[in-house]
Amino acid sequence: MSAAFALVLLAAGALAGCAQRLVLEGLVLQVDRPASRLVVSHAAVPGRMPAMVMPVRTAKASLLDRVSPGSRVRLRMRGAVADRLSVLRESLGDLNVPEPAEAVRIGEVLPDFELVDHQGAPFRLSENRGRLVVVQFLYTRCPLPEVCPRLAASFGSLQRRFQEAIPERLVLVSITLDPSHDTPEELARYARRIHASYPGWRFLTGAVEPVARLFGLVHWAEEGLIVHTSQTGLIDREGRLVALVDGSSYRFEQLRDLVNLHLAREEKP
Numbered sequence: 001m002s003a004a005f006a007l008v009l010l011a012a013g014a015l016a017g018c019a020q021r022l023v024l025e026g027l028v029l030q031v032d033r034p035a036s037r038l039v040v041s042h043a044a045v046p047g048r049m050p051a052m053v054m055p056v057r058t059a060k061a062s063l064l065d066r067v068s069p070g071s072r073v074r075l076r077m078r079g080a081v082a083d084r085l086s087v088l089r090e091s092l093g094d095l096n097v098p099e100p101a102e103a104v105r106i107g108e109v110l111p112d113f114e115l116v117d118h119q120g121a122p123f124r125l126s127e128n129r130g131r132l133v134v135v136q137f138l139y140t141r142c143p144l145p146e147v148c149p150r151l152a153a154s155f156g157s158l159q160r161r162f163q164e165a166i167p168e169r170l171v172l173v174s175i176t177l178d179p180s181h182d183t184p185e186e187l188a189r190y191a192r193r194i195h196a197s198y199p200g201w202r203f204l205t206g207a208v209e210p211v212a213r214l215f216g217l218v219h220w221a222e223e224g225l226i227v228h229t230s231q232t233g234l235i236d237r238e239g240r241l242v243a244l245v246d247g248s249s250y251r252f253e254q255l256r257d258l259v260n261l262h263l264a265r266e267e268k269p
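At the far end of the sequence shown sits residue 269, using the numbering used here, and the numbering has no gaps.
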C-alpha cells in the first residue's frame, strides 16, 4: 500500500460517520483547483481527530479562489467535504496594510538578490539553484516571544528534522529587518546563541528592504520596535516561489510537513 493511499484511508476513516460538522485549522500544502481539492496539515481536534496531513475536497471550486500553498485556513467539514473555508491572516492591530506592488506571486521566479551573511560571506539567491530555500524575516532585538523568537525556533526545528538534507538540498535563510543594528558580527552572536549550524542556516543583512518587499512583507520603526508582518517563503530549485506562509502562529509540525512535501518532490527526476 502506498503512503499516499494510506493517508487517504486514514483521513477517510477519521471523518467517516461524522454527521456533525467539524472545524479544522491547518496549513495548506497543496492545491488542486480543477479537482476542488487541497492537502492540509491540520491541528488536532481534541477527542475527535489527531493532527495529520490529509486531502480535503471542497464543496465548490470557488472556495479555493484565495488559497495557495502556505495559506493558513479554517475549514468547516461536513463529512469528508469542506463546505466552508476561510483564510486566516495575522494583522497589525487595526491597521490595513496593503501588500507591496513588488510582491512575487506563487509560481513566479524571484529576482536575484545579494546580501551578506553572519560570517561576512556574500549570499546570492541564484547561487542556491538546485536547493530548496526557506526564507524568513526577523530581528535580534525583537522583544515579542510569539514573533521573532518563535520564527527562529521554527527554523531550529527544521534544522534538527532535516539535518541530513542541509545544506546540500535545503538551505534556511533568516533575513534581519534591523540591518543598522544587526551587523554580521551581531547576527553571528545570535546564531551561536540559538545553535544555528553554518552554512545550512544563514543570517543575512544589508539592503534588505527590496528583498522584504518581494515576499510581501511590510515593516517600519515605531517607539523603539520594528513593527512588521511575517512571511515565510519556500523557493524551489528552479528559483520559483512555491509557498508563502503568513504570520508566526503556525505549528512547527505544519511547516515541517510543507518542507517535507517539497523535498520529496525535489527527489523525483
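Fair warning: there could be bad hints in the mix.
Claimed, not checked - Label pairs and their computed distance ranges (CB to CB):
1. 193 with 114: 23 to 33 angstroms
2. 33 with 74: 16 to 26 angstroms
3. 263 with 99: 44 to 54 angstroms
4. 161 with 84: 25 to 35 angstroms
5. 222 with 48: 35 to 45 angstroms
6. 84 with 185: 25 to 35 angstroms
7. 79 with 30: 49 to 59 angstroms
8. 107 with 83: 45 to 55 angstroms
9. 163 with 127: 17 to 27 angstroms
10. 153 with 88: 13 to 23 angstroms
11. 263 with 114: 49 to 59 angstroms
12. 240 with 210: 15 to 25 angstroms
To be verified - Derived SDA-like pairs: lysine to any residue, alpha-carbon spacing no greater than 25 angstroms straight-line:
13. 60 with 21
14. 60 with 32
15. 60 with 49
16. 60 with 25
Since the hints were made in silico from the structure, they are not lab data. From the three backbone atoms N, C-alpha and C, an ideal C-beta is built for every residue, glycine too.
**OP:** Against the structure, test the hints numbered earlier, and report the numbers of the ones violated in rising order.
**Re:** 3, 6, 7, 8, 11
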